[in-house]
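A.B. asks: These are the residues of each chain, in order.
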Amino acid sequence: MNWTTPLDVVGRTTVGMLSDFGRFSRFVYEAGRSMGDVGTWLGLTVLQMRKLGVNSLPIALFLSAFTGIVMALQASYTFTGAIPLYFVGTLVGKTVMLELGPVLTGLALSGRIGANIAAELGTMRVSEQIDALETMAYNPVSYLVVPRVVAGTLMVPVIVTFANVVGIAAGWITALNMLDMSSEQFQFGLRLFYDPFDVTFYIIKSISFGFVVTIVGCYQGFNTQGGAEGVGVATTRAVVIASVLILVLDAFWAATLLQQ
Amino acid sequence: MSIQLTNIHKAFGPKKILRGLSLNVEEGETVALVGFSGAGKSVTLKHIAGLLMPDQGSVVVDGNEVPTMKREDLYKLRLEMGYVFQFAALFDSMTIQENVEMGLVKKGGVGRKEMAERVSESLERVGLKGFENRLPAELSGGQRKRAGLARAIAYRPKYLLYDEPTSGLDPVTTEVIDRLILKMKEDLGVTSLVITHDMKSAYNVSDRIAMLYEGMVVEEGTPDQIRNSSNPIVRGFVEGRPEMIEEATRAAAEDGEDRGTGDERNVDHGHRGPPGLQRRDR
Numbered sequence: 001m002n003w004t005t006p007l008d009v010v011g012r013t014t015v016g017m018l019s020d021f022g023r024f025s026r027f028v029y030e031a032g033r034s035m036g037d038v039g040t041w042l043g044l045t046v047l048q049m050r051k052l053g054v055n056s057l058p059i060a061l062f063l064s065a066f067t068g069i070v071m072a073l074q075a076s077y078t079f080t081g082a083i084p085l086y087f088v089g090t091l092v093g094k095t096v097m098l099e100l101g102p103v104l105t106g107l108a109l110s111g112r113i114g115a116n117i118a119a120e121l122g123t124m125r126v127s128e129q130i131d132a133l134e135t136m137a138y139n140p141v142s143y144l145v146v147p148r149v150v151a152g153t154l155m156v157p158v159i160v161t162f163a164n165v166v167g168i169a170a171g172w173i174t175a176l177n178m179l180d181m182s183s184e185q186f187q188f189g190l191r192l193f194y195d196p197f198d199v200t201f202y203i204i205k206s207i208s209f210g211f212v213v214t215i216v217g218c219y220q221g222f223n224t225q226g227g228a229e230g231v232g233v234a235t236t237r238a239v240v241i242a243s244v245l246i247l248v249l250d251a252f253w254a255a256t257l258l259q260q
Numbered sequence: 001m002s003i004q005l006t007n008i009h010k011a012f013g014p015k016k017i018l019r020g021l022s023l024n025v026e027e028g029e030t031v032a033l034v035g036f037s038g039a040g041k042s043v044t045l046k047h048i049a050g051l052l053m054p055d056q057g058s059v060v061v062d063g064n065e066v067p068t069m070k071r072e073d074l075y076k077l078r079l080e081m082g083y084v085f086q087f088a089a090l091f092d093s094m095t096i097q098e099n100v101e102m103g104l105v106k107k108g109g110v111g112r113k114e115m116a117e118r119v120s121e122s123l124e125r126v127g128l129k130g131f132e133n134r135l136p137a138e139l140s141g142g143q144r145k146r147a148g149l150a151r152a153i154a155y156r157p158k159y160l161l162y163d164e165p166t167s168g169l170d171p172v173t174t175e176v177i178d179r180l181i182l183k184m185k186e187d188l189g190v191t192s193l194v195i196t197h198d199m200k201s202a203y204n205v206s207d208r209i210a211m212l213y214e215g216m217v218v219e220e221g222t223p224d225q226i227r228n229s230s231n232p233i234v235r236g237f238v239e240g241r242p243e244m245i246e247e248a249t250r251a252a253a254e255d256g257e258d259r260g261t262g263d264e265r266n267v268d269h270g271h272r273g274p275p276g277l278q279r280r281d282r
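Read top to bottom, the protein sequences are chains A and C.
Everything in the first sequence is counted per this note's numbering, starting at 1 for the first residue and increasing by one.
Everything in the second sequence is counted per this note's numbering, starting at 1 for the first residue and increasing by one.
To be clear, the hints were calculated from the coordinates, so they are not data collected in a lab.
It is possible that some hints are incorrect.
[As the list claims (entries may be wrong)] Computed list of lysine to aspartate or glutamate pairs in EDC-like fashion (alpha-carbon distance at most 20 Å, straight line):
1) C:Lys106 <-> A:Asp131
2) C:Lys185 <-> C:Glu121
3) C:Lys106 <-> A:Asp37
4) C:Lys107 <-> A:Glu30
5) C:Lys183 <-> C:Glu239
6) C:Lys76 <-> A:Asp195
7) C:Lys70 <-> A:Asp8
8) C:Lys113 <-> C:Glu98
9) A:Lys51 <-> C:Glu29
10) C:Lys183 <-> C:Glu65
11) C:Lys113 <-> C:Glu124
12) C:Lys76 <-> A:Asp37
13) C:Lys107 <-> A:Asp37
14) C:Lys158 <-> C:Glu254
15) C:Lys185 <-> C:Glu26
16) C:Lys15 <-> C:Glu65
17) C:Lys70 <-> A:Asp37
18) C:Lys183 <-> C:Glu124
19) C:Lys70 <-> A:Glu30
20) C:Lys200 <-> C:Glu239
[As the list claims (entries may be wrong)] Ranges of calculated distance between the beta carbons of each label pair, as one might list FRET restraints:
21) A:Leu57 <-> C:Glu27: 36 to 44 Å
22) C:Asn24 <-> A:Thr13: 44 to 52 Å
23) A:Ile204 <-> C:Glu114: 23 to 31 Å
24) A:Phe252 <-> C:Val60: 19 to 27 Å
We put the beta carbon where it would ideally sit given N, CA and C, even for glycine.
Let the hints inform the model, and build the full structure from the sequences given.
C.D. replies: Structure (structure tokens):
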């Protein structure tokens with residue numbers, strides 16, 4: 001039996017993963033260093049805030065509205081006869097604000113924003129547009145990466161806030177119209193376990209999701225190789241890696257910030 | 001004000017692209033670097049602009065050793081270079097005017113009025129006046145290349161680096177681009193390096209031609225010297241005769257074997273240098 005083969009595979013995989021992590025860390029460091037070049041990225045960030053943020057609102061609101069409706073109906077179905085119905089407000093409020101609003105929005109945006117960034121920068125890489133920027137003395141990280149990462153990090157919490165409001169409102173309307181609940185009952189449940197830290201929690205989560213989605217998209221786009229196929233690979237990787245990281249971060253924040 | 005490449009080696013993984021390339025481009029001179037597709041011509045050009053770093057060797061531009069320059073200094077030097085990309089590399093989301101303005105904005109020192117004049121002048125030089133508000137996608141391949149050239153000359157660089165400026169173009173557009181390259185030299189006095197595998201273009205535009213083969217310059221000389229070269233590799237390339245190149249390569253390999261000891265362990269499997277390697281004195 002050849003014992004070196006499995007060891008070889010493990011070794012190569014480990015080295016490959018560490019190299020990838022090293023390259024990614026260097027890229028993040030480079031992006032941080034390029035923040036000093038304010039003159040280049042500031043104006044472009046406003047443009048990206050509209051492109052990545054405002055234009056992503058419809059999909060985020062659509063998702064959260066239907067999540068709010070389903071949450072209210074499922075809560076009522078689960079509670080019937082055993083738990084007072086006003087807990088529907090508690091469940092909708094807590095789950096939408098703490099979990100479903102940020103995570104579903106983050107996952108949707110990894111598809112919309114992450115894929116968009118990776119495909120755009122990947123195409124610029126393979127068509128030498130990034131090299132062209134370099135030859136005209138533009139730092140491509142300041143010009144392309146920083147505006148997208150800053151815009152994403154700032155705008156995702158705003159989008160999640162809107163998504164939370166719409167999700168809870170949809171749950172509220174559902175409770176009034178389909179569950180025979182009064183507005184006072186829903187509000188009572190909503191306020192019952194509300195803690196101002198809930199807002200801090202979802203904002204911290206959303207900021208981290210916005211950062212991850214945009215930096216991963218930029219990294220994959222910047223490191224695209226080959227032609228159209230390479231752009232496809234980079235786009236897929238951006239979505240998959242960002243989605244996985246969102247779920248990992250979700251667990252991380254719950255484990256670190258929600259422990260009493 | 002010159003470009004000096006000395007003993008450049010560059011590999012991508014196990015693939016050795018440049019194996020000791022040396023080339024000088026003197027002030028005001030236009031040199032064409034010719035060679036097969038995949039020979040490393042574009043890689044050479046990217047070393048000059050500092051887009052790639054050599055594994056070994058020296059790249060000196062304007063008296064500066066490019067690989068060891070600080071980023072700020074390298075960016076200043078890049079504003080003295082205009083780079084014309086093979087597929088133009090225009091920014092898709094910008095109009096032609098915005099594309100041409102990019103270098104001017106970065107270089108600074110020009111007001112809005114002067115900037116508009118420079119853009120207009122650059123586009124006029126390449127025959128694209130009136131195309132300011134078009135997007136790159138609305139232009140033909142030849143027009144895009146000309147727009148790329150306008151972008152490169154707008155900020156008045158001292159050096160122009162052309163990467164396959166005529167590849168994929170019809171003969172008439174090729175001639176138009178060749179004339180533009182000559183006009184840039186006459187009007188702006190720039191030092192130019194033109195990467196091409198189109199010999200007609202190379203003869204038209206250059207003061208000197210260098211032939212790149214297996215990662216080295218195997219011959220350089222005036223267009224006439226290259227046209228009449230006795231080097232089988234150069235002749236094969238210039239005349240488009242692959243059998244001549246195959247024969248020269250085979251002869252070089254046999255010559256290498258004859259000179260070996262016959263002992264497999266002593267045979268040099270490394271690079272022997274291309275067949276017919278010689279440099280013509282200028």
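A.B. asks: Hint by hint, note whether the structure agrees.
C.D. replies: Structure-based check of each hint:
Between C:Lys106 and A:Asp131, the direct Cα distance comes to roughly 15 Å. Compliance with the 20 Å bound is thereby established for this hinted pair. Distance check on the hinted pair: C:Lys185 and C:Glu121 sit about 16 Å apart at the alpha-carbon level, within 20 Å; holds. The suggested pairing of C:Lys106 with A:Asp37 holds, with an alpha-carbon distance near 13 Å, which does not exceed 20 Å. Simply put, C:Lys107 and A:Glu30 have alpha-carbon atoms about 23 Å apart, too far for the 20 Å limit, and the pair is violated.
Between C:Lys183 and C:Glu239 the CA atoms are separated by roughly 28 Å; this puts the pair beyond 20 Å, and the hint is violated. Distance hint between C:Lys76 and A:Asp195 is unfulfilled; the C-alpha atoms sit about 55 Å from each other, more than 20 Å. Among the hinted pairs, C:Lys70 with A:Asp8 is inconsistent with the structure: their alpha-carbon atoms are about 40 Å apart, more than 20 Å. A distance of roughly 14 Å separates the Cα atoms of C:Lys113 and C:Glu98; the hinted pair therefore holds under the 20 Å criterion.
Our distance criterion of 20 Å between C-alpha atoms is broken by A:Lys51 and C:Glu29, whose separation comes to about 46 Å. Only pairs whose Cα atoms come within 20 Å are accepted, and C:Lys183 paired with C:Glu65 is rejected, the gap being roughly 29 Å. The suggested pairing of C:Lys113 with C:Glu124 holds, with an alpha-carbon distance near 16 Å, which does not exceed 20 Å. Between C:Lys76 and A:Asp37 the alpha-carbon distance is near 16 Å, which keeps this suggested pair within the 20 Å criterion.
For the hint pairing C:Lys107 with A:Asp37, the CA-to-CA distance comes to about 15 Å; that is within 20 Å, so the pair holds. Distance check on the hinted pair: C:Lys158 and C:Glu254 sit about 46 Å apart at the alpha-carbon level, beyond 20 Å; violated. Our distance criterion of 20 Å between C-alpha atoms is met by C:Lys185 and C:Glu26, whose separation comes to about 13 Å. A distance of roughly 25 Å separates the Cα atoms of C:Lys15 and C:Glu65; the hinted pair therefore is violated under the 20 Å criterion.
For the proposed pair C:Lys70 and A:Asp37, the alpha carbon gap of about 16 Å is at most 20 Å, so the pair holds. The straight-line distance between the Cα atoms of C:Lys183 and C:Glu124 is roughly 13 Å, inside the 20 Å bound, and the hint therefore holds. Using a Cα cut-off of 20 Å, the hinted pair C:Lys70 and A:Glu30 holds, with the two alpha carbons roughly 15 Å apart. Between C:Lys200 and C:Glu239 the CA atoms are separated by roughly 11 Å; this keeps the pair inside 20 Å, and the hint holds.
Distance hint for A:Leu57 and C:Glu27: a CB-CB separation of about 57 Å, inconsistent with the stated range 36 to 44 Å. For the pair C:Asn24 and A:Thr13, the beta carbons lie near 47 Å from each other, so the given range of 44 to 52 Å is met. Between A:Ile204 and C:Glu114 the C-beta distance comes to about 49 Å, which lies outside the given range of 23 to 31 Å. Checked against the hint of 19 to 27 Å, the C-beta distance between A:Phe252 and C:Val60 comes to roughly 51 Å, which is inconsistent with it.
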